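Enquirer: Residues per chain are reported as follows:
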Amino acid sequence: MEDLTKLAVEAAREAGAAYADARYVRTREEQTSTRSGKVESLAATESRGIGVRVLADGAWGFAATSDLSRSAIVEAARLAVRIGRASATTKKADVALADCDPAVDSVTAEVKEDPFEVPLEERISLLLDCDRLMVQAANPAVREGHLRFVREEQHFASSEGASIYQEFTETGAGIECTAVGEGETQTRSYPGSHGGQMATRGWEMVEELDLPAHAEEVAREATELLEAPHFPSGEADLIMDGNQLALQVHESCGHPIELDRVLGTEASYAGTSFLTPDKLTSGFRYGSEHVNMTADATLSGGLGSFAYDDEGVPGQRTDIVKEGIFCGYLTSRETALKIGQRASNGTMRADGWDALPLIRMTNINLEPGSWTLDEMIRDMGEGYLLRSNSSWSIDDKRLNFQFGAEIAYRIEGGAITGVVRNPTYTGITPQFWGSCDAVANREHWLVWGVPNCGKGEPGQAAHVGHGVSAARFRKVRVGVLENGAEPDHE
Amino acid sequence: MPAQDELIEVGRRAVELSPAEATEAVITSGANNLTRFANNTIHQNVAHADADLRVRAAFGNRVGVATTNDLSEEGVRRCVESAAEIARHQEPDEDFAGLPGPEACAEVVAECGRTARFSPEERAQAVAEIIRVAERDGLNAFGAFATGPQTFAVVNSNGVAVAQGFATADVNVTMSGATSSGRATCTDADVARVDAGQIGERAARKAVESADPIAIEPGDYTVVLEEDAVGDLVGFLGYMGFGGKAFVEGRSFMYGKLGERVCGENITIYDDGLDPGFFPIPFDFEGQPRRKVMLIEDGIARGVVHDRVTAAKAGTASTGHATPPPGAWGPHPMHLKLTPGEASMEEMIASTERGLLITRFHYTNIVHPLRTEITGMTRDGTFLIKNGRLTKGVKNLRFTQSVLTALSNVEMIGRSVRVAEGCLVPALKVGSFHFSGTTEF
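Chains A and B are the protein sequences, given in the same order. Under my numbering, the first residue of the first sequence carries the number 1, and numbering increases by one thereafter. Under my numbering, the first residue of the second sequence carries the number 1001, and numbering increases by one thereafter.
Chain A with its partners taken away, still in its complex shape (with noise of 0.2 Å):
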């Protein structure tokens, strides 16, 4: 395919274009899905096509089609070129572009296992043994058991001479229930919610993952919060691990970093930042002096993982936040100029072959502390574990969270001493980050994979991670429902 994407810059070219470039993308997906006890789908997808973005009087024009003809693909480049033409009448500036390296490369990210060798009976196995485990231990009303397969193959080409090819394979699993009870319904899943765990890596993290083996407690979890205690109103002292304290990175974090969403560029949509330019240079005390985070698109099997972004840079690791102080965007070739840097720090990704590139998360990390989980509990006294993400919403300049959780462990005494249901907690971003006291060590850190991370018009999902362990946080406003309270609140 390297010669139809060399087609669409140079059609793009000869129809006036400054620059262009074109990515083939084939994306190849499978997926089964088990629900109380039967098959609910076994389906695969496959989707290809070219999209070419080009810069024309001094505007960005984008054109993308399925139609692989050599025809079809010249005038997908001419239509892109008309359209930065249309753009191009609204402009105060011609569009700059920070230098790049022109690479020329081929990158394929192994697995040991290919999941998509793994028999369909072997899969299907696996989820219906973790159903009939679920069935044994509780027997909650909904079952579910997922597992997903995806490869991506990538064709770059550029006006300036890069040629990069990359390929990828991403797995995710799952499994969770719900127990359905008089006026109430809990779920419980593991690894966590939203579909499991999914990184770049192959069938080797499904086995590692041992499903079958975490079945019978999701069961008897979600079973037991029914007749749990509510969760409190008011402040308490909280602990989150997993994909709770991941989604807390990625909505209050990873969001107010985007330099395109921070110059404006998304405001329409889901938003800008509070975290504006001038807090760049300026010292702003983003978090506690626990707090350390960052973007990190070279770690080995993140779902934010990758050798070079949409734009051909290379993928990078950036200080976001050092000792709670601010000092780093997610920037791309445009937006980094804007803020006077030379380069981009390469975290362009489109979603499929028919998306623009937009500035998207790669890894965004907390960075491990140096306590365990068992030394954190011991050390609170009073307070809450909070696991498993099941709600999330956040203001339009990520400021005020509301988040809530699938269960509470509450923690007396320095120990856990039974669930609570229900759990949800409110914030302020930097007030909540500066709360926190402690964050575990690099023994309970995971990269978490997101696989539906929106933004765009049209709606783009990114498929990004965060590396978390566990952390700390003290007098965080807890219980925030309807009237203040559960209704019949104990």
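A couple of the hints might just be wrong.
[Unchecked claim] Below, in silico cross-link-like pairs of lysine to aspartate or glutamate (EDC-like), each with a Cα-Cα straight-line distance of 16 Å or less:
1) A:K38 to B:E1091
2) B:K1257 to A:E184
3) A:K38 to B:D1095
4) B:K1257 to A:E367
5) A:K91 to B:E1129
6) A:K38 to B:E1129
7) A:K322 to A:D437
8) A:K38 to B:E1094
[What the hints assert, rightly or not] Listed next, the stretches of chain A that the computed footprint assigns to chain B, with coverage defined by at least 3 CB atoms under 8 Å from CB atoms of chain B:
9) 45-58
10) 119-127
11) 182-193
12) 390-403
13) 421-434
[Stated by the list, open to error] Quick partial rundown of chain A residues pointing at chain B, CB under 10 Å, derived from the structure:
14) S33
15) L79
16) R82
17) V95
18) A96
19) T178
20) G264
21) G271
22) N452
23) G456
FYI, nobody ran anything at the bench for these hints, they're computed from the structure. What you are looking at is a predicted structure, and each value in this text was computed from that prediction instead of being measured. For glycine and all other residues, C-beta sits at the position ideal for the given N, C-alpha and C.
Position chain B against the provided structure of chain A, taking the given hints into account.
Expert: For chain B alone, coordinates are given in the frame of chain A:
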């Protein structure tokens, strides 16, 4: 863009090539042409066209699904063989009721060639009108102008062969000043009815009038909800409980409530895929005719929408609301409508002693589905109403509220409806709405 008969031909080819005992082909084709603007300039401007084939192949009650956007002879063949191969390895599905036969579907007039043909230059001209309004008022304009045709077709080995096309023009504008913002939107099948300049004026007026907002305490307020805010609430009701799958699994707030009062008697909500003003599609993704379904009538829970699987479990017939296979979400209402009342926006504001006017909500999410409790933020034009008049803009608030409780406290209903957040809804005045927090702007 392929015509409707071309999509049906793709479906027929898939059925002919399939080795399965029963085969269904769902073909969707569309173009997405979107001009996006920010800071008073066009910054993203895209066009893409695609068509894909989704094949459901069955041997008895073993079912497999495969999808491709390669509609060449070889691509179609690979897709049907992939679906059949999956089906051969599948476990028997006792819920699979076989593929339906053909049923008469209503005739609807939905296509608008003007919208489908709207060019990048025409979109840029419309955006330039919006930017002129912004620059005149010292504001920054952000938003998108999208146009495009969509076509669906369903063909199966039992003789179903139906297709329908439609087009949409969708505009959203956010105007931003130093301390405030305002938003206006418009969705229409005919781009000729979209007045970009007028949409820009509405958004600009909100931004100007809500400048220098004051902070207010969270708590319970009377609210006047504009259509975009109402559409958000009604859409979330659809996700939380109007679908047959959640209903038969006992996860829906409608479960066990049919025939009982669930909200105020002035509230009627139904799904009508044939409404000519609401992008009608006369069939679902199984090729079954869409039927109007009364969901809540005069405050009484009446029904939910079904596909053939959930209908069989509920002991009823499909209402024509199947989603594309494999349909993990189950049936879903795509044309939710809340019936209008008799009030004007001016009357709703004038009758409010102290309350808030809400333009829209942002990042709404479910807190407790059985209690229909959701949370989200206000955004882009929140005003304090005092003594029947809009006074100041207020800083944004977080709400945490049961939708059905809000719909039990509706005091006035707007006399006109428009498409907002995918629903056809009027504005509402709600006597009490709970705000659980505030933010800094």
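Enquirer: If a hint holds in the structure, say so; if it doesn't, say that too.
Expert: Checked hints:
1. Proximity of K38 of chain A to E1091 of chain B is assessed by CA-CA distance (about 7 Å); at most 16 Å being required, the pair is judged to hold.
2. Taken as a hint, the K1257 of chain B and E184 of chain A pair is honoured in the structure, with Cα atoms around 14 Å apart against an allowance of 16 Å.
3. A distance of roughly 9 Å separates the Cα atoms of K38 of chain A and D1095 of chain B; the hinted pair therefore holds under the 16 Å criterion.
4. In summary, the hint linking K1257 of chain B to E367 of chain A is not supported, as the alpha carbons are separated by about 49 Å, beyond the 16 Å threshold.
5. Between K91 of chain A and E1129 of chain B, the direct Cα distance comes to roughly 14 Å. Compliance with the 16 Å bound is thereby established for this hinted pair.
6. Our distance criterion of 16 Å between C-alpha atoms is broken by K38 of chain A and E1129 of chain B, whose separation comes to about 56 Å.
7. Of the pairs offered as hints, the one joining K322 of chain A and D437 of chain A holds, with about 15 Å between alpha carbons and a cut-off of 16 Å not exceeded.
8. For the proposed pair K38 of chain A and E1094 of chain B, the alpha carbon gap of about 9 Å is at most 16 Å, so the pair holds.
9. Evaluation of the coverage hint for the region 45-58 of chain A: fulfilled, as 6 residues show C-beta separations to chain B shorter than 8 Å, against a requirement of three.
10. Counting residues of the region 119-127 of chain A whose beta-carbon sits less than 8 Å from any beta-carbon of chain B gives 4, enough to reach three: the coverage restraint holds.
11. A count of 3 residues in the region 182-193 of chain A with a Cβ less than 8 Å from any Cβ of chain B is obtained; the coverage claim is therefore met, three being the minimum.
12. Look at the region 390-403 of chain A against chain B: 10 of its residues bring a Cβ nearer than 8 Å to a Cβ of that chain, three or more, so the hint holds.
13. Coverage of the region 421-434 of chain A by chain B holds [criterion: at least 3 residues with CB-CB distance below 8 Å; count 4].
14. Interface restraint check: S33 of chain A against chain B, minimum CB-CB distance 6 Å, threshold 10 Å, status holds.
15. The criterion of a C-beta within 10 Å of any C-beta in chain B is met by L79 of chain A, whose closest approach is roughly 6 Å, and the hint holds.
16. For the restraint placing R82 of chain A at the interface with chain B, the shortest Cβ-Cβ distance is roughly 6 Å, inside the 10 Å limit, so the hint holds.
17. Proximity of V95 of chain A to chain B holds as hinted, the smallest CB-CB distance being about 9 Å (cut-off 10 Å).
18. This hint is violated: A96 of chain A has a C-beta 13 Å from the nearest C-beta of chain B, more than the 10 Å allowed.
19. Hint status for T178 of chain A relative to chain B: holds, with the closest Cβ pair at about 6 Å, below 10 Å.
20. Proximity of G264 of chain A to chain B holds as hinted, the smallest CB-CB distance being about 5 Å (cut-off 10 Å).
21. The beta carbon of G271 of chain A comes within 7 Å of a beta carbon in chain B, closer than 10 Å, and the hint placing it at the interface holds.
22. For N452 of chain A, the suggested interface contact is broken, since its CB lies about 13 Å from the closest CB of chain B, more than 10 Å.
23. The interface hint given for G456 of chain A holds, since its Cβ lies 8 Å from the closest Cβ of chain B, which is under the 10 Å cut-off.
Of the numbered hints stated above, those contradicted by the structure are hints 4, 6, 18 and 22, listed in ascending order.
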